[in-house]
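Trainee: Next come the chains, spelled out residue by residue.
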Amino acid sequence: MSTQNAPRRHDYGPDLRVALGPLGLDNPVMPASGCFGPELGSLFDLNRLGAMVTKTIFFGARSGNPAHRLAETPGGMLNSVGIPSRGVDAFVEQILPEYRRWQTPTIVSLGGLSVEEYWDLADRLRGVPGIAALELNVSCPNLEAGGIEMGASPAQVEAVVRGVVDRSTVPVISKLTPNVTSIAEIARASEAGGATAITAVNTLVGMAVDLDTRAPVIGNMVGGLSGPAIKPIALRMVWEVRKAVSIPVIGCGGIARACDALEFLVVGATVVQVGTATFTRPDAMLGVIDGIADYVRDRGLESIRDLIGTLRTDRGAAETAPELTLAASTGHPAQPAPSRSVQR
Amino acid sequence: MSTQNAPRRHDYGPDLRVALGPLGLDNPVMPASGCFGPELGSLFDLNRLGAMVTKTIFFGARSGNPAHRLAETPGGMLNSVGIPSRGVDAFVEQILPEYRRWQTPTIVSLGGLSVEEYWDLADRLRGVPGIAALELNVSCPNLEAGGIEMGASPAQVEAVVRGVVDRSTVPVISKLTPNVTSIAEIARASEAGGATAITAVNTLVGMAVDLDTRAPVIGNMVGGLSGPAIKPIALRMVWEVRKAVSIPVIGCGGIARACDALEFLVVGATVVQVGTATFTRPDAMLGVIDGIADYVRDRGLESIRDLIGTLRTDRGAAETAPELTLAASTGHPAQPAPSRSVQR
Amino acid sequence: MTPDISPADPALASDMVGSWTASSVRVRLACIPDIGRTEPTLEHAPVLEHVRVAADHVLTTLDAPTMASRAEPGQFAMLTVARGGEDSPVLPRPMALYDWDAATGRVDFLYRVFGDGTARMAAWPVGELMTAVGPLGRPFSLAETTASLLLLGRGIGICSLTALAARARARGVAVHAIVSARRPDAIVATDFLERIGATVWPVVDTDGSSDVERLRARLDAQLRDRAVDQVAVCGSERLLRLAAQVGRRLDARVEVSLEARMACGLGYCHGCSTGEKGLASEAPLVCKDGPVFLARAEAIGKAQ
Amino acid sequence: MTPDISPADPALASDMVGSWTASSVRVRLACIPDIGRTEPTLEHAPVLEHVRVAADHVLTTLDAPTMASRAEPGQFAMLTVARGGEDSPVLPRPMALYDWDAATGRVDFLYRVFGDGTARMAAWPVGELMTAVGPLGRPFSLAETTASLLLLGRGIGICSLTALAARARARGVAVHAIVSARRPDAIVATDFLERIGATVWPVVDTDGSSDVERLRARLDAQLRDRAVDQVAVCGSERLLRLAAQVGRRLDARVEVSLEARMACGLGYCHGCSTGEKGLASEAPLVCKDGPVFLARAEAIGKAQ
Ligand SMILES: Cc1cc2nc3c(=O)[nH]c(=O)nc-3n(C[C@H](O)[C@H](O)[C@H](O)COP(=O)(O)OP(=O)(O)OC[C@H]3O[C@@H](n4cnc5c(N)ncnc54)[C@H](O)[C@@H]3O)c2cc1C
Ligand SMILES: Cc1cc2nc3c(=O)[nH]c(=O)nc-3n(C[C@H](O)[C@H](O)[C@H](O)COP(=O)(O)OP(=O)(O)OC[C@H]3O[C@@H](n4cnc5c(N)ncnc54)[C@H](O)[C@@H]3O)c2cc1C
Ligand SMILES: Cc1cc2nc3c(=O)[nH]c(=O)nc-3n(C[C@H](O)[C@H](O)[C@H](O)COP(=O)(O)O)c2cc1C
Ligand SMILES: Cc1cc2nc3c(=O)[nH]c(=O)nc-3n(C[C@H](O)[C@H](O)[C@H](O)COP(=O)(O)O)c2cc1C
Ligand code: FES
Ligand code: FES
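First to last, the sequence lines map onto chains A, B, C and D. Going by the working numbering, 322 is the number at position 322 of the first sequence; the sequence numbering is gapless. Going by the working numbering, 250 is the number at position 250 of the second sequence; the sequence numbering is gapless. Going by the working numbering, 302 is the number at position 302 of the third sequence; the sequence numbering is gapless. Going by the working numbering, 112 is the number at position 112 of the fourth sequence; the sequence numbering is gapless.
Only chain A is shown next, with the shape it has when bound in the complex:
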């Protein structure tokens, strides 16, 4: 399972392999939880994906939220599916086998309405074959703590992660909510809890109103905003997480094309997840993988790993033609500004 030795299921040309701790991946592209299912296997070869991620499962069965569960917004969408679940036993017996029809590693997303629910799930899944890693969706209300989002509390996130890590033999990924003042703080709590990697981010809480009825469009009143609209926010948060922790980061939020994914890799994501874009075009992930391969090849890089975290923060040097500099006119040390302004 190590990066270097893992057999590659598909030849992308350049070396696109990455690793999340002990889990080696053929390429850095995987679906976002809730935006993927084995049903997609009838549309394209799921062996081409870096990994598969299940929809979040809960311990028991849940019916999910009332309709409407979806609404479209400028450049994005709101969803409040409410995580219907057939329960963990049905998952292991009926759903997980579906995933095992492909060689692609399967990451199972776990949810809970209390810290212990995550732990119980981890206990139940311990040793179940066909699970490459667990992703903890902590964007759930903690019913024991008054319904406040679990993921907003560093202490609760750390407790959830630590408990699951203690109970698992596979890598544990902590998936963070963006609805917080400091995502860096939650990232550090995840790392402290023993997470192998961090996924950033889940959806931003949003709302829409139907002006005919003056009622919220979404049955649950509020829903999660996803899609290209949130990409700038997600990218900034991934960068903040990257600076806060030393474990790998999985970037997620608004990625529709290779260029989006590359921005996440440049700011320091090791892996990217594609969510909403799979609805727009079910084969979006293939375009992302191919486009990343093209970029790596065109730039003459040895491997995708030479790209990750290469954000240039010395803007002047990065942007200014060597022989020309727009210099400060006040005698301060040169603070070069972009020279582009006259270039066309």
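Worth double-checking, as some hints may not be accurate.
Chain C is nowhere near these chain A residues, computed Cβ spacing over 12 angstroms in every case [to be verified]:
| id | residue |
| --- | --- |
| 1 | Asp11 |
| 2 | Asn47 |
| 3 | Pro66 |
| 4 | Arg69 |
| 5 | Gly127 |
| 6 | Leu143 |
| 7 | Glu149 |
| 8 | Glu185 |
| 9 | Arg188 |
| 10 | Glu191 |
| 11 | Thr213 |
| 12 | Asp298 |
| 13 | Thr313 |
Which residues of chain A face chain B? A partial, calculated answer using Cβ under 10 angstroms [unchecked claim]:
| id | residue |
| --- | --- |
| 14 | Ala61 |
| 15 | Leu204 |
| 16 | Arg236 |
| 17 | Ile247 |
| 18 | Ala256 |
| 19 | Leu307 |
Simulated from the structure, these hints should not be mistaken for laboratory data. We put the CB at the ideal spot given by N, CA and C, even for glycine.
Starting from the known structure of chain A, fit chains B, C and D with the ligands onto it as the hints suggest.
Mentor: Leaving out everything else, chains B, C and D with the ligands in the frame of chain A:
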């Protein structure tokens, strides 16, 4: 200056007057700070606006951020202008007189890098004629508190607001940042500090990377995301603020058309601000006002005030045709779901 | 307005969509067996042509041979309305397969230009590729023994019924179609239905002919001597109730095609649940457990 | 690579855009007086036609009579690229006024189809209204005494210079235009310039003719006997430096048109600052204090 007696500068047909405490407005539409200037007066009649809002001013002169200061994103834009300022004296002597060419009330936006800077500004502006209200832009880093955004701390927001209220004779509006876990908490702090109204929200922090140079597109690395992309988030936050406080709320974020503004009014905003849309179409605010008037007229409402805060949260009743109900099939008390699913 | 509630039936619960109740009749919906569904495919399909068929109604033809070869009446496709370089609108649009030809690979969609997505569909440049996923969902059933089929379509709801009508006519089944719309210029598909030899009753709100009580009376009169073995309905709750009552009286099987907002159309996003509450697990999904459901009318007894 | 820095000149500071330094020459930019600017207007202007003038280059004509009646050479407009029902792209596109006719109200823009916004402009349905704000910014100056004008335009930078050329020719001024582009098929505006009687030197990267040292030599040779009173440049830093050096040698006034990302074009959003750091207050705004700036070359002395 009371709502009922204020002479109306323009006849909109229906009664669109609203009030922010003692400040009566002809209609509920005003620009968002930083997205407006008297320069627009050459394009349309600024007397048609409910109010005018200045760009945020600082006490001293500031040069602002390096280029690029702007970038476009899906359904929105990033900006990091950095609030260049000629300082408060230049503002009073050169800029404020420009605004006074119109009868529309002028709201002056204040910024600061410490709690005291806001207070000093309030002291300096006390009694200056032509200022209808102050709006406190607390989305500024507090340099004295390690550069953390002032608006993320309830205590600091309360201190800023209270100090300015103590020093002012005009209404004080607290403008909140959306980059927090609980905007309700910051809203309550503003109310406790004595704010007359609350504006929600400022921009969400975002980022973009130039894949040619691998440097951030924005000179300041990160910028504020605005425009239609953020509307669902802003709307949700306005609703949360509405539920948290009893003072009027000014909704802001992604409003481009009357239908957007109406959604904010329905969830409980008394006034709306239009920012980015004025760049897209400089006359966007006129379209918003006219469209609101049409809606109020078409629905047979007496006044815009009959619309504010009328969100229906009893979904079934709002959505279901009276004679038909999709009933639960398990014997639980009826939980009507939308009947729309078969209506087309 | 509190509806009558039928007692819980745990065995049926997960298959149950819900029940519509009216003064004297309750309509219960249930899933039909998952046998008619065919394997979907993703095609980058060129748009072949657009034909404006009525006010705001457009028929768009795609070249989608695999979909055409697998389609069954009542199935639908998810059509991406973001063009090549665009990433939004993020959601594809669910559209019934109006008509198709397995030999040529042509698939037709007939839709009302309603919002942004359908406006984009109608403006899609001819020749440009559109991402299309289908066929999706469980089709209408058509029993071997069916000799007479009644269709009730409201608005563009009729577009989900045309292919069933064509299949039925090809088998020699008699087809009667009530095509209901607000205004005469929103009546669509009647030419298609007439061409294949269906009896068509167009009815509209503007002259009151679409009124459900008038329809009921007319149906009572016209159907007196004829048997109806099957009823298919789409696009209106009132028509659904009428259909269920007719079906109950004539002992005919009634199927309804439902709509819901959809993201995936395949069954993995759970966005299109009928939203039924109070079930132990999730209510049926319109895209995967439907869009066609079985409808049964039941008289509401006193003893609940 | 650390550039030479000129000592602070507080009086100039707020007018100073910056200085480009090369091995032996520094180019200093300063604002020109705010006298030529005209009052902008907002027009909902019908698109009259699109003409494809070169590979990826389109000339679009608007019916914008007020703008046409007020325009001055070097000014620009902000064109909304979101169509009627759309709210994004949120930023309008700054475009130089390429040519106009106050009598008919026609205004031409010539642009390279580059990204989403320019692609939308080129695809804008003829007859549909486009929101256009202009004329904006400070125009080029043209002194009464000017008898000979040299233009240096790189890429679509030439589009900011055409109107100045026309104005100059109308006054009988001799106009020499160097039109530089990457490839021959990206050379634009030469037909316009020839029609008005300018001498045009098209140069391209593909045959090396656009190389700045070759241009310098050619200019040295050709300009030996002729006077050049004014130089206007747009679209390239190298050409700007060349222009400044030529201007310094011939004692000619040199003006450059700059670009920056813009949101308002009017001076209130502060998005387009030249970004100069270290000034006491804000650096000049390209939209309002420019886009045309005065450029001066200075030899770099030892004693800084
Ligand atoms: C299975 C199925 C088959 C359909 N077949 C047809 C058909 O043959 N002809 C036809 O005209 N219409 C059909 N519809 C309805 C069609 O999908 C909607 O009219 C269309 O999505 C409207 O998109 P819009 O962008 O124009 O409207 P908008 O209101 O701008 O759409 C906004 C969002 O709401 C969704 N939405 C809006 N209305 C509906 C609706 N009625 N059902 C589901 N989602 C909706 C859209 O998909 C989109 O995500 C069908 C719907 C379903 C579920
Ligand atoms: C005063 C002025 C006059 C101009 N005149 C012309 C002209 O006559 N012909 C012409 O072809 N181009 C001209 N440009 C450049 C033109 O504005 C850009 O090419 C255009 O904005 C690109 O838009 P896009 O959507 O196609 O590109 P994208 O890259 O998709 O644009 C993304 C964003 O960046 C901005 N942007 C991209 N390139 C530039 C640029 N070079 N300058 C400013 N903003 C940019 C866009 O406005 C937009 O907000 C001018 C620019 C300025 C400032
Ligand atoms: C319909 C839908 C369902 C989702 N369900 C889940 C889920 O079950 N668990 C989870 O962790 N995230 C879920 N998400 C969030 C996505 O995994 C992802 O974090 C988010 O959508 C941002 O990425 P995107 O912009 O690429 O969609 C869901 C998102 C959508 C749109
Ligand atoms: C270019 C730009 C400059 C802004 N400057 C300020 C400012 O000076 N003070 C402030 O409080 N908000 C400022 N904002 C934020 C807006 O006032 C507004 O809160 C935000 O843009 C969301 O609204 P919108 O989506 O309608 O633009 C600025 C926004 C933009 C886009
Ligand atoms: S639309 Fe995704 S499950 Fe039905
Ligand atoms: S573009 Fe707004 S100030 Fe220049």
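Trainee: Are the hints correct? Go through all of them and say.
Mentor: Checked hints:
For Asp11(A), the requirement that its beta carbon stay farther than 12 angstroms from each beta carbon of chain C is met, with the minimum near 22 angstroms. The beta carbon of Asn47(A) sits about 16 angstroms from the closest Cβ of chain C, which is more than 12 angstroms, so the claim that it is off the interface holds. Listed as a non-interface residue, Pro66(A) fails to keep its Cβ farther than 12 angstroms from every Cβ of chain C; the least gap is roughly 4 angstroms. With 12 angstroms as the threshold on Cβ separation, the claim that Arg69(A) sits away from chain C is violated: the shortest Cβ distance comes to roughly 5 angstroms.
Under the 12 angstroms C-beta cut-off, the non-interface status given to Gly127(A) relative to chain C holds; the minimum distance is some 26 angstroms. The beta carbon of Leu143(A) is kept farther than 12 angstroms from every beta carbon of chain C, the shortest such distance being approximately 18 angstroms. With a least CB separation of 20 angstroms from chain C, Glu149(A) remains clear of the 12 angstroms interface cut-off, as annotated. Taking the minimum C-beta to C-beta distance to chain C, about 31 angstroms, the non-interface status of Glu185(A) holds against the 12 angstroms cut.
Non-interface status of Arg188(A) relative to chain C is upheld: no Cβ of that chain comes within 12 angstroms, the nearest being about 32 angstroms off. Listed as outside the interface, Glu191(A) is consistent with that label: its C-beta sits roughly 31 angstroms from the nearest C-beta of chain C, beyond the 12 angstroms cut-off. For Thr213(A), the shortest C-beta to C-beta distance to chain C comes to about 15 angstroms, beyond the 12 angstroms cut-off, and the non-interface label holds. Every CB of chain C lies more than 12 angstroms from the CB of Asp298(A), the least distance being 20 angstroms, so the non-interface label holds.
A cut-off of 12 angstroms between C-beta atoms confirms that Thr313(A) is not in contact with chain C; the least separation is 28 angstroms. At about 13 angstroms, the closest approach between the beta carbon of Ala61(A) and any beta carbon in chain B exceeds 10 angstroms, and the interface hint on this residue is violated. A distance limit of 10 angstroms between C-beta atoms decides the matter here; for Leu204(A) the minimum to chain B is near 5 angstroms, and the interface restraint holds. The restraint placing Arg236(A) at the interface with chain B holds, with a minimum CB-CB distance near 4 angstroms, inside the 10 angstroms limit.
Look at Ile247(A): its Cβ only gets to about 21 angstroms from chain B, farther than 10 angstroms, so that hint breaks. A hinted interface residue such as Ala256(A) counts as satisfied when its beta carbon comes closer than 10 angstroms to some beta carbon of chain B; here the least separation is about 9 angstroms, so the hint holds. With a least beta-carbon distance of about 8 angstroms to chain B, the hint placing Leu307(A) at the interface is held under the 10 angstroms criterion.
In the structure shown, a violation is registered for the earlier hints numbered 3, 4, 14 and 17, in ascending order.
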